[in-house]
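A.B. asks: One-letter residues, chain by chain:
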Amino acid sequence: MSEIKKFLYVNRKAPYGTIYALESLEVVLIGAAFEQDVSLAFLDDGVFQLTKGQNTDGIGIKNFSPTYRALGDYEVTKLYVEQESLDERGLTLDDLQAVVYEDEDDDWEEKPSIRVVSRAEMADIMADQDVVLSF
Amino acid sequence: MSEIKKFLYVNRKAPYGTIYALESLEVVLIGAAFEQDVSLAFLDDGVFQLTKGQNTDGIGIKNFSPTYRALGDYEVTKLYVEQESLDERGLTLDDLQAVVYEDEDDDWEEKPSIRVVSRAEMADIMADQDVVLSF
Amino acid sequence: MKFGVVISEGPYTHQAADTAYHFVKSAIAKGHEVPRVFFYHDGVNVASRLSVPPQDERNIQQNWTALAKDHGVDLVVCIAAAQRRGMLDDNEAKRQGKDASNIAEGFRISGLGQLIEMGIQTDRLVTFGD
Amino acid sequence: MKFGVVISEGPYTHQAADTAYHFVKSAIAKGHEVPRVFFYHDGVNVASRLSVPPQDERNIQQNWTALAKDHGVDLVVCIAAAQRRGMLDDNEAKRQGKDASNIAEGFRISGLGQLIEMGIQTDRLVTFGD
Amino acid sequence: MSTLHTVNKSPFATGSLESCLAHCKDGDAVLMIEDGVYGGLAGTAVADLVQQKAGSVAIYVLSADTQARGLAADKLLQGIKGVDYDGFVDLVADHDRTQSWL
Amino acid sequence: MSTLHTVNKSPFATGSLESCLAHCKDGDAVLMIEDGVYGGLAGTAVADLVQQKAGSVAIYVLSADTQARGLAADKLLQGIKGVDYDGFVDLVADHDRTQSWL
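Chains as they are written, first to last, in the numbering used here: chain A, 1 to 135; chain B, 1001 to 1135; chain C, 2001 to 2130; chain D, 3001 to 3130; chain E, 4001 to 4102; chain F, 5001 to 5102.
So here's chain A without its partners, still in its complex pose:
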């Protein structure tokens, strides 16, 4: 297991209506222990997973959105969000919660984990992986 592979977790579904977003996150957290090169892609309805201000008291389902903010502690620091997907949904980066990590290669400076990319860039990212897991 010394080989390092590029893992991409592709998130295309909204949270709460179905469990895929939550169970995707559970894989990411466990996967972090394997020290692979991990990226997360949020496109189509997957971008809704990152909206800020989620409050699930009314539906009685656990709010797991704070967990995204903890990903930096697991050294999961590349969250690619597709611009076109945001646009179609009337969202901007401002509607998403801030997710940051401390860059150990840059004097632990706090940097944003969310990187907004174009559809073409997202296609490039997808084409650069060893393993693609879809949720």
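Please keep in mind that the hints were generated in silico from the structure rather than gathered at the bench. None of the values given here were measured: they were computed from a predicted structure. Please note that the accuracy of each hint is not assured.
In silico DSBU-like cross-links for lysine-lysine, where the CA-CA straight-line distance does not exceed 35 Å [as the list claims (entries may be wrong)]: (1) 6(A) <-> 3094(D); (2) 5081(F) <-> 1006(B); (3) 5081(F) <-> 52(A); (4) 2069(C) <-> 3098(D); (5) 3025(D) <-> 3002(D); (6) 4075(E) <-> 62(A); (7) 1052(B) <-> 1078(B); (8) 2025(C) <-> 62(A); (9) 111(A) <-> 4075(E); (10) 4053(E) <-> 1078(B); (11) 3069(D) <-> 5(A); (12) 4025(E) <-> 2002(C); (13) 5075(F) <-> 6(A); (14) 1062(B) <-> 3030(D); (15) 2069(C) <-> 2094(C); (16) 5025(F) <-> 5075(F); (17) 3030(D) <-> 6(A); (18) 3069(D) <-> 3030(D); (19) 3069(D) <-> 1062(B); (20) 3002(D) <-> 78(A); (21) 6(A) <-> 3098(D); (22) 2025(C) <-> 4025(E); (23) 1006(B) <-> 2025(C); (24) 3030(D) <-> 5081(F); (25) 3094(D) <-> 2094(C); (26) 1006(B) <-> 4053(E); (27) 3002(D) <-> 1062(B); (28) 62(A) <-> 3098(D); (29) 4075(E) <-> 4053(E).
Fit chains B, C, D, E and F to the given chain A structure using the hints.
C.D. replies: Chains B, C, D, E and F in isolation, oriented as in the chain A frame:
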């Protein structure tokens, strides 16, 4: 249970990829014994349920398309198929299997059960029901 | 008014069983009757007493069992859908030669006729699915 | 070549477990290795030994169990996904204080690490889902 | 005689909302629940379609579902009303039938 | 370095095929399986989109799935190739990775 209600079974999903089409048909067959006023609506991908020439040997799932042809024996004789849904899918009535019934009020003449209707007519049919079951 | 409710999707995977639960609770609190809830398709999986959700999540099966107990709601699991998906009560397990059952208290297995009957006998029917 | 396979949806409801079965059979027949199949989300429900499909339909669980036996495929059911959905083996049932288990022969319950490990150790990973 | 239509799917993921709107009649009501509430967002690729229909059809969102998803009231299209589960029950009672667009 | 994309949803029901085609690169392959095979039909609302992409991307349908659904070969778009499960396996082996558009 002497009251007769209008029941509409709404079929909007394709067969085999998911089980909804089959399990909808199972309800229709059981429901026939209750002597209600039954109609079936096929719209959106539901129109694919009625295509002719289905052969499921390769996928190892039971072919239930012949069951639609038996509906007449259960006095289920109103199968409404939406024209616009056919058009969007490149289908015509010719691509669907023939489903017929014998009209007891007309000297047992054989008549088609499939009635192609416009979207506006489908909306009228939906608005004329007591109970709508969606699959 | 009498409401009939259909649940078509399994617990946790889809929100349907949660939304239906809040709806039925509200309907009863507002003085309506909900004589029966019918579990069809993957909805039959809601009835499993073997479910062990994380401690900080709701227990969907237990919520329904409590509702049945407190308000006399008849929770009917479709037998044909249940057999395919491995949901059995003690009788069914014996009849099918299976060594275990998994249906929780408050749920009963019966035929699709109960769905049609619910449609006939209630004033409104609401389906929660996928 | 080594293939890893993920199944994300339950039996009968979605075609995923069927398509995956035909795919794995073909892969093995063509001389590839399929060391492991990982069942996640509702895919865990494929492992139920309590399933009783109609006699004229395929038995999805038995198909997988046979494949595991004949070709040594490691059928891993995700423990976290399984607990929520009421899929337990004897050990888990005892640990959780449940009075029954329902996992079929040939399947074993384990953690999500087995999915990642499969991704690392195989040449290709294919997901069948909804 | 009117119908309550419920839509529980995101309009960006499936065609359920579009099909619902194409089949509902003047005086009907549409209630967006679960992932369906995204159909109530302003400024989206489907906003015009929804806004157009909002003249002849009453459109609601289930507030518990918009809150869960972080959709503040000021992000929703004008004229869309939020209801709680009690309001959902009232809508079912007040219309002659309920049709679920699954 | 190229990717095999699988699509298992009807393009009339969900946006998966459209999203897949918008993200695949020249030289990639798209395999339509299960309800995804409807994307291979000629004369549909999405046929132009698929036909357009078929120049730069190889498009396949799983024959067992087209046959199950009664889609005769002459109803499919030109240039779309049918494969059996063995062909599916070959496609997975021949591309560097497989991405499932669920």
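A.B. asks: Confirm or reject each hint.
C.D. replies: Consistency of the hints with the structure:
no., hint, result
1, 6(A) <-> 3094(D), "39 Å, violated"
2, 5081(F) <-> 1006(B), "46 Å, violated"
3, 5081(F) <-> 52(A), "45 Å, violated"
4, 2069(C) <-> 3098(D), "21 Å, holds"
5, 3025(D) <-> 3002(D), "13 Å, holds"
6, 4075(E) <-> 62(A), "23 Å, holds"
7, 1052(B) <-> 1078(B), "18 Å, holds"
8, 2025(C) <-> 62(A), "19 Å, holds"
9, 111(A) <-> 4075(E), "28 Å, holds"
10, 4053(E) <-> 1078(B), "30 Å, holds"
11, 3069(D) <-> 5(A), "31 Å, holds"
12, 4025(E) <-> 2002(C), "25 Å, holds"
13, 5075(F) <-> 6(A), "40 Å, violated"
14, 1062(B) <-> 3030(D), "26 Å, holds"
15, 2069(C) <-> 2094(C), "26 Å, holds"
16, 5025(F) <-> 5075(F), "26 Å, holds"
17, 3030(D) <-> 6(A), "28 Å, holds"
18, 3069(D) <-> 3030(D), "18 Å, holds"
19, 3069(D) <-> 1062(B), "25 Å, holds"
20, 3002(D) <-> 78(A), "28 Å, holds"
21, 6(A) <-> 3098(D), "40 Å, violated"
22, 2025(C) <-> 4025(E), "30 Å, holds"
23, 1006(B) <-> 2025(C), "28 Å, holds"
24, 3030(D) <-> 5081(F), "21 Å, holds"
25, 3094(D) <-> 2094(C), "22 Å, holds"
26, 1006(B) <-> 4053(E), "28 Å, holds"
27, 3002(D) <-> 1062(B), "31 Å, holds"
28, 62(A) <-> 3098(D), "24 Å, holds"
29, 4075(E) <-> 4053(E), "18 Å, holds"
Comparing the model with each earlier hint shows violations of hints 1, 2, 3, 13, 21; every other hint is respected.
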